[in-house]
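Engineer: Work the whole structure out from these sequences, hints included.
Chains as they are written, first to last, in our numbering: chain A, 1 to 238; chain B, 1 to 238; chain C, 1 to 238; chain D, 1 to 238; chain E, 1 to 238; chain F, 1 to 238.
These are calculated hints, taken from the structure and not from any lab test. Do not rely on the hints blindly, as some may be mistaken.
[Claimed, not checked] Listed below are the simulated EDC-like cross-link pairs for lysine to aspartate or glutamate, each with C-alpha atoms no more than 16 angstroms apart in a straight line:
hint: 1; chain 1: D; residue 1: 22; chain 2: D; residue 2: 157
hint: 2; chain 1: A; residue 1: 22; chain 2: B; residue 2: 34
hint: 3; chain 1: D; residue 1: 106; chain 2: D; residue 2: 180
hint: 4; chain 1: C; residue 1: 51; chain 2: C; residue 2: 13
hint: 5; chain 1: C; residue 1: 80; chain 2: E; residue 2: 77
hint: 6; chain 1: E; residue 1: 22; chain 2: C; residue 2: 34
hint: 7; chain 1: B; residue 1: 82; chain 2: C; residue 2: 77
hint: 8; chain 1: A; residue 1: 106; chain 2: A; residue 2: 152
hint: 9; chain 1: E; residue 1: 80; chain 2: C; residue 2: 77
hint: 10; chain 1: D; residue 1: 22; chain 2: F; residue 2: 31
hint: 11; chain 1: D; residue 1: 147; chain 2: D; residue 2: 77
hint: 12; chain 1: B; residue 1: 82; chain 2: C; residue 2: 89
hint: 13; chain 1: F; residue 1: 82; chain 2: E; residue 2: 89
hint: 14; chain 1: A; residue 1: 22; chain 2: B; residue 2: 31
hint: 15; chain 1: C; residue 1: 22; chain 2: E; residue 2: 34
hint: 16; chain 1: D; residue 1: 82; chain 2: A; residue 2: 77
hint: 17; chain 1: D; residue 1: 22; chain 2: F; residue 2: 34
hint: 18; chain 1: C; residue 1: 82; chain 2: E; residue 2: 77
hint: 19; chain 1: F; residue 1: 105; chain 2: F; residue 2: 31
hint: 20; chain 1: C; residue 1: 82; chain 2: B; residue 2: 89
hint: 21; chain 1: B; residue 1: 80; chain 2: A; residue 2: 77
hint: 22; chain 1: D; residue 1: 105; chain 2: D; residue 2: 56
hint: 23; chain 1: B; residue 1: 106; chain 2: B; residue 2: 45
hint: 24; chain 1: D; residue 1: 80; chain 2: F; residue 2: 34
hint: 25; chain 1: A; residue 1: 82; chain 2: D; residue 2: 89
hint: 26; chain 1: C; residue 1: 22; chain 2: E; residue 2: 31
hint: 27; chain 1: B; residue 1: 106; chain 2: B; residue 2: 157
hint: 28; chain 1: D; residue 1: 82; chain 2: A; residue 2: 89
hint: 29; chain 1: E; residue 1: 22; chain 2: C; residue 2: 31
hint: 30; chain 1: F; residue 1: 147; chain 2: F; residue 2: 45
hint: 31; chain 1: C; residue 1: 106; chain 2: C; residue 2: 152
hint: 32; chain 1: E; residue 1: 82; chain 2: F; residue 2: 77
hint: 33; chain 1: F; residue 1: 80; chain 2: D; residue 2: 77
hint: 34; chain 1: B; residue 1: 230; chain 2: B; residue 2: 157
hint: 35; chain 1: B; residue 1: 51; chain 2: B; residue 2: 109
hint: 36; chain 1: E; residue 1: 147; chain 2: E; residue 2: 44
[As the list claims (entries may be wrong)] Counterexamples of contact, computed for chain C against chain E with all Cβ distances above 12 angstroms:
hint: 37; residue: 3
hint: 38; residue: 109
hint: 39; residue: 213
Since this is a predicted model, take the numbers as computed values, not measurements. Where is the CB? At the ideal position from N, CA and C, for every residue including glycine.
Number of protein chains: 6
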Amino acid sequence: MRPSSRQANQLREIRITRHYTKHAEGSVLIECGDTKVICTASVEERVPPHKKGSGEGWVTAEYGMLPRSTGSRMQREAAKGKQSGRTQEIQRLIGRSLRAVVDLKKLGERTIQIDCDVIQADGGTRTASITGAYVALQDAVSSLIEKGLLTETPVTDAIAAISVGIYQGTPVLDLDYLEDSACDTDMNVVMLGSGHFVEVQGTAEGHAFSRVEMDQLLELAQNGIVDLIKMQQAALAG
Amino acid sequence: MRPSSRQANQLREIRITRHYTKHAEGSVLIECGDTKVICTASVEERVPPHKKGSGEGWVTAEYGMLPRSTGSRMQREAAKGKQSGRTQEIQRLIGRSLRAVVDLKKLGERTIQIDCDVIQADGGTRTASITGAYVALQDAVSSLIEKGLLTETPVTDAIAAISVGIYQGTPVLDLDYLEDSACDTDMNVVMLGSGHFVEVQGTAEGHAFSRVEMDQLLELAQNGIVDLIKMQQAALAG
Amino acid sequence: MRPSSRQANQLREIRITRHYTKHAEGSVLIECGDTKVICTASVEERVPPHKKGSGEGWVTAEYGMLPRSTGSRMQREAAKGKQSGRTQEIQRLIGRSLRAVVDLKKLGERTIQIDCDVIQADGGTRTASITGAYVALQDAVSSLIEKGLLTETPVTDAIAAISVGIYQGTPVLDLDYLEDSACDTDMNVVMLGSGHFVEVQGTAEGHAFSRVEMDQLLELAQNGIVDLIKMQQAALAG
Amino acid sequence: MRPSSRQANQLREIRITRHYTKHAEGSVLIECGDTKVICTASVEERVPPHKKGSGEGWVTAEYGMLPRSTGSRMQREAAKGKQSGRTQEIQRLIGRSLRAVVDLKKLGERTIQIDCDVIQADGGTRTASITGAYVALQDAVSSLIEKGLLTETPVTDAIAAISVGIYQGTPVLDLDYLEDSACDTDMNVVMLGSGHFVEVQGTAEGHAFSRVEMDQLLELAQNGIVDLIKMQQAALAG
Amino acid sequence: MRPSSRQANQLREIRITRHYTKHAEGSVLIECGDTKVICTASVEERVPPHKKGSGEGWVTAEYGMLPRSTGSRMQREAAKGKQSGRTQEIQRLIGRSLRAVVDLKKLGERTIQIDCDVIQADGGTRTASITGAYVALQDAVSSLIEKGLLTETPVTDAIAAISVGIYQGTPVLDLDYLEDSACDTDMNVVMLGSGHFVEVQGTAEGHAFSRVEMDQLLELAQNGIVDLIKMQQAALAG
Amino acid sequence: MRPSSRQANQLREIRITRHYTKHAEGSVLIECGDTKVICTASVEERVPPHKKGSGEGWVTAEYGMLPRSTGSRMQREAAKGKQSGRTQEIQRLIGRSLRAVVDLKKLGERTIQIDCDVIQADGGTRTASITGAYVALQDAVSSLIEKGLLTETPVTDAIAAISVGIYQGTPVLDLDYLEDSACDTDMNVVMLGSGHFVEVQGTAEGHAFSRVEMDQLLELAQNGIVDLIKMQQAALAG
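Structural biologist: This is the structure in structure tokens:
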């Protein structure tokens with residue numbers, strides 16, 4: 001029995017709100033149960049040094065948590081003067097994932113800067129960030145097309161992410177915080193609309209996992225992501 | 001004529017939403033027109049070194065802006081590795097203001113940590129932070145009383161803040177971003193329910209201001225804050 | 001009765017020594033009683049990025065205290081690796097104040113960098129810094145005119161600053177450290193030769209202040225600054 | 001055809017040299033082809049704050065590269081004043097992996113600090129680090145047993161790691177730098193002597209990977225790690 | 001011919017002003033020609049961790065330059081967020097030198113913190129700092145004896161320092177900035193009242209120096225320091 | 001009697017291994033007894049800002065110690081976020097020493113970056129670094145000549161370094177860690193093939209040293225360096 005009474009293969013309730021804030025070219029609030037992340041996509045007409053003169057653009061991401069997005073207050077990273085290893089790991093994952101669906105040549109020499117800021121955390125913030133950021137990215141690209149700065153979309157496929165894990169011996173989909181902190185194995189999966197994987201990151205927290213368990217987890221994740229991509233499409237069509 | 005067509009002495013539409021996020025003891029979304037700030041109050045059962053063994057508590061604040069809360073994206077302070085001078089100035093102001101209405105002896109040796117995070121900026125973020133943080137503080141104190149950790153409230157008065165300025169020669173209340181960036185004089189006023197001032201910070205951006213202008217600005221601010229305190233009380237009663 | 005036996009409206013003894021050190025274009029030691037600040041103005045033939053190509057110059061300030069300028073030794077900010085919020089607040093105030101009397105177009109694309117370093121502190125270091133920095137600025141401008149780099153002065157008015165506060169219920173002028181650490185309200189006022197205000201920063205330390213008290217404080221400050229500006233003129237004429 | 005002419009399932013030549021430096025309780029030079037990493041395990045009779053008084057020990061890791069371990073010189077992280085996101089990601093992975101084979105209760109309240117320093121890089125430094133660090137860990141544990149500080153080993157299983165990837169369409173084992181920088185998918189696998197996984201981190205660099213490809217990669221990795229664990233055992237027996 | 005027309009073995013004019021600022025237990029302005037350094041000695045009734053419980057005290061030093069103490073303005077180290085290698089080298093030298101004349105056991109578990117702040121630089125700031133700091137240290141020790149915290153002095157000998165160098169082929173004493181920036185060899189010598197050396201730091205800037213030249217430089221330095229120690233004694237007797 | 005049973009004027013066993021790692025233009029492992037340092041010289045076709053457009057090149061150095069190169073583990077400087085004063089002092093010394101034997105004009109506008117990384121420490125790491133770095137520098141210069149980027153060598157002389165000290169009253173050559181931590185005076189000497197000095201840095205740790213002792217130490221160092229330079233030449237000829 002899951003703490004939330006969900007079925008093993010059941011996602012939390014997902015809500016995707018576009019145009020959540022007014023300044024960003026793409027701005028999305030994604031809610032996965034009690035996890036809430038503001039994902040913005042900002043267009044900047046410049047590229048980092050390693051892309052200058054290349055004719056190619058860049059997509060990158062930053063991630064943060066409000067200090068009291070969590071059960072007990074975390075120290076503010078800006079006040080500490082550095083981002084934690086966890087934060088850097090997550091923002092590198094988000095950036096890498098989004099770049100997997102953008103043709104940087106077609107984007108041209110500009111940057112789409114993704115910001116994922118967690119305002120309430122209940123597990124799965126990095127996968128929610130990727131799923132929401134994709135929608136923000138699409139809105140930012142649409143704004144470029146509307147302004148005539150792009151004639152065709154550089155986005156090559158949909159992308160979404162979900163966590164899976166083995167909770168009390170059972171493989172389950174979309175871990176919430178209670179499950180996440182108690183589970184033996186935690187796996188984050190990022191997948192394209194095509195069904196191919198962009199990232200698979202499985203970590204044994206308690207005891208190591210077998211090939212059989214890994215296969216069950218991947219199965220769960222694939223089905224969950226197919227559903228998430230439908231929700232993204234619905235939101236973008238809305 | 002103000003860009004927003006407001007009267008000179010007219011506040012923007014104010015909305016105060018309590019219990020905005022679920023983890024903090026006090027959590028408020030305050031919206032002043034298009035300015036939106038999440039204010040949380042977190043109770044921590046410890047005090048900073050300078051209060052250890054004093055029998056007194058502490059109230060302190062941190063302030064941040066989401067990178068794309070503004071018209072063009074700001075660099076993330078956590079990524080830069082330091083908070084700007086502006087950020088530090090604002091969070092010191094918020095902390096000082098809130099401490100003005102808390103009897104630290106009655107609070108006992110614990111800290112109320114205020115976090116004000118701007119998710120959308122349109123002028124007046126520091127004054128909105130103070131006005132919202134007061135409501136979050138009250139909720140945090142109520143939770144302490146409910147848990148039996150306090151028997152009487154350490155909060156001694158209401159407090160709220162507003163900006164005023166001279167826009168195109170006319171003193172106006174509650175500057176939005178368009179006014180703020182064009183005005184000659186900008187003044188932030190923090191006032192108690194008693195009508196006494198806690199902070200008056202007037203700065204001439206363009207040309208210096210006279211005593212007469214200063215009096216007009218203080219008048220506007222006093223009336224505006226009286227209204228804000230009523231809205232706080234309504235929200236707390238709600 | 002004030003600790004120093006001064007009248008309520010009496011300044012401390014002020015001494016302004018020009019050409020205090022030999023390298024800077026303007027170099028002033030200002031002594032306000034036991035508060036001693038070295039104010040230098042350095043001319044640099046470049047501007048910060050936001051002014052490049054604008055045809056305008058820039059005036060900015062930095063502030064520091066020698067570690068043992070105070071009663072008990074403060075940690076050296078260079079050793080800590082960061083400037084405190086207080087330091088940043090003060091240097092922003094000094095820079096903003098000085099810019100209020102400089103026509104940046106007339107200055108041309110160069111920077112006047114103000115450095116205010118407190119070698120002995122006894123209250124009022126930020127206002128002494130502004131008052132002294134104005135004299136150093138004038139000397140730096142004179143050196144530009146002498147060298148033929150400027151044909152007319154970009155300085156548009158005199159500027160000086162003073163603190164006022166309510167000490168044991170009485171509004172007093174020019175707080176020393178004993179008064180500053182015990183007073184209920186502390187207000188720093190920056191004013192032009194024209195009598196208009198550039199900055200008014202009032203903070204209630206102990207209990208909040210009324211409109212009436214505020215008026216008394218402004219009155220005291222205005223008279224004090226009129227005297228300070230006379231002393232600046234005498235020093236510059238000397 | 002691989003640049004090194006190796007078979008698809010062929011490891012590079014592995015050399016494990018124990019007692020490489022004289023001060024550390026465990027000190028191993030691991031060479032995987034041209035990749036050379038010094039792995040030391042240092043015993044410290046203290047634990048980090050989150051383990052104090054728990055009766056449990058801790059195992060943690062740090063990772064670094066000599067500036068010219070790589071083809072073109074990298075900036076020294078100590079000189080830059082921060083560790084890169086990549087460095088932090090790797091050292092978190094090494095620490096997590098090693099903890100998977102240590103019973104922290106049996107270790108007692110002491111820390112085993114792993115340091116992995118790359119003196120020459122040619123791909124696969126993070127997996128070589130894990131494989132080498134396990135041997136250093138065993139030597140450090142042996143020193144604790146010899147000194148009578150432990151009566152039984154807290155090490156519960158062997159652990160080793162390898163990278164696999166899809167190079168020019170073919171799944172291959174143990175990527176060197178030429179393959180790593182050209183491959184489409186890169187997967188790091190950490191596995192126990194029991195054959196269960198501790199970490200699986202697959203990333204699509206170029207195009208996404210299918211379930212079938214993932215299975216092939218895991219198969220290659222499993223066989224490779226079985227061989228590596230034999231080499232560790234041989235080194236420890238030698 | 002030296003730029004200052006001094007003889008090869010002639011010191012600049014030295015002035016030592018005690019009680020230069022009012023807060024520090026020892027406070028000295030030392031002027032060596034146009035080089036001016038404020039040296040303070042602060043007594044703190046605590047010791048750094050490596051001396052806790054040892055029954056011994058500590059003497060340490062920090063060094064800084066006002067940004068415009070030099071011909072062209074230097075960046076403020078507090079604003080840069082780090083002390084330069086040069087600064088650290090100098091403050092380590094000052095601290096080591098002063099510790100050479102203090103019996104840390106007799107000092108007891110307290111720290112004497114030396115601060116040397118250059119307000120005007122014209123060469124030889126580090127040696128002036130040591131010479132001035134000794135006088136400040138003596139005053140701080142006297143204050144401890146006066147307060148009854150010490151019954152006998154922990155200071156075991158006098159100490160002073162001077163620079164020597166080879167300027168245009170000739171060994172000269174007490175380099176000023178013009179000589180220092182043009183000389184081939186620069187040597188800083190720290191010597192006790194007993195005539196023994198505490199530090200000898202010779203550096204060939206242009207071409208290397210012979211044993212004969214080294215002997216000439218040491219001779220000059222010894223004589224110069226004998227004179228400096230007399231001046232220190234005169235100042236302390238004054 | 002020295003702990004190592006060496007004669008007072010006897011060097012430790014020195015081994016110089018060229019081409020120690022494969023990427024750097026010069027790469028040397030120098031072993032002085034149990035002290036082992038990897039010295040690499042990297043050629044970079046750019047110069048730091050102060051040399052841009054000067055027609056001159058630059059030689060600079062960085063120094064580091066692996067955390068467990070020492071008897072008890074040191075904190076990793078990259079993790080601490082700053083290099084210690086000692087590290088900066090050493091790397092400045094190495095850079096200055098190497099520049100003493102390079103004609104920067106002949107080098108042309110390129111940088112030779114020296115990295116000295118201690119993998120095992122037993123005293124004398126800074127002098128071993130200089131001695132080894134010279135060999136790496138020569139190899140880097142040879143690679144420039146082989147590539148036709150230079151037609152003649154910019155290296156003007158050989159350079160090597162050694163420590164000497166007074167151990168239990170006797171002047172001895174080439175201190176190991178046991179001697180270094182117990183000796184009264186420690187002197188590092190850097191000398192050219194010509195027999196002239198580039199650096200002499202003598203520090204009294206315990207009691208101060210006389211002119212006579214200084215002469216004895218210099219004598220020992222000169223003879224030791226003559227031998228080291230022969231070993232460098234043998235290695236370069238090998």
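Engineer: Would the pair residue 22(C) and residue 34(E) pass a check requiring their Cα atoms to be no farther apart than 16 angstroms?
Structural biologist: Satisfied, since the Cα-Cα distance of roughly 8 angstroms is no more than 16 angstroms.
Engineer: Measure nothing beyond the straight line between the CA atoms of residue 22(A) and residue 34(B); if it is 16 angstroms or shorter, mark the hint as holding.
Structural biologist: holds, 8 angstroms
Engineer: Between residue 22(D) and residue 34(F), is the straight-line Cα distance small enough, at 16 angstroms or below?
Structural biologist: holds, 8 angstroms
Engineer: Sort out whether residue 109(B) lies within 16 angstroms of residue 51(B), counting only the CA atoms.
Structural biologist: Holds. Residue 51(B) to residue 109(B) sits at ~8 angstroms (cutoff 16 angstroms).
Engineer: Check whether the Cα positions of residue 22(E) and residue 34(C) lie no farther apart than 16 angstroms.
Structural biologist: Holds, at about 8 angstroms.
Engineer: For the pair we were handed, residue 22(A) and residue 31(B), check the Cα-Cα distance against 16 angstroms.
Structural biologist: It holds: about 13 angstroms lies between the C-alpha atoms, which stays within 16 angstroms.
Engineer: Take the C-alpha atoms of residue 105(F) and residue 31(F), compute the straight-line distance between them, and say whether it is at most 16 angstroms.
Structural biologist: violated, 32 angstroms
Engineer: Holds or violated: residue 80(F) and residue 77(D), Cα atoms, limit 16 angstroms.
Structural biologist: holds, 10 angstroms
Engineer: Going straight from one Cα to the other, do residue 106(B) and residue 157(B) come out at no more than 16 angstroms?
Structural biologist: It holds: about 14 angstroms lies between the C-alpha atoms, which stays within 16 angstroms.
Engineer: Sort out whether residue 77(D) lies within 16 angstroms of residue 147(D), counting only the CA atoms.
Structural biologist: violated, 36 angstroms
Engineer: Residue 82(C) and residue 89(B): Cα distance at most 16 angstroms?
Structural biologist: With a Cα-Cα distance of about 15 angstroms, the restraint between residue 82(C) and residue 89(B) holds, given a limit of 16 angstroms.
Engineer: Hinted pair, alpha-carbon criterion (16 angstroms max): residue 22(E), residue 31(C). Please report holds or violated.
Structural biologist: holds, 13 angstroms
In summary, the structure is inconsistent with hints 1, 3, 4, 11, 19 and 24 from the numbered list given earlier, while agreeing with the others.
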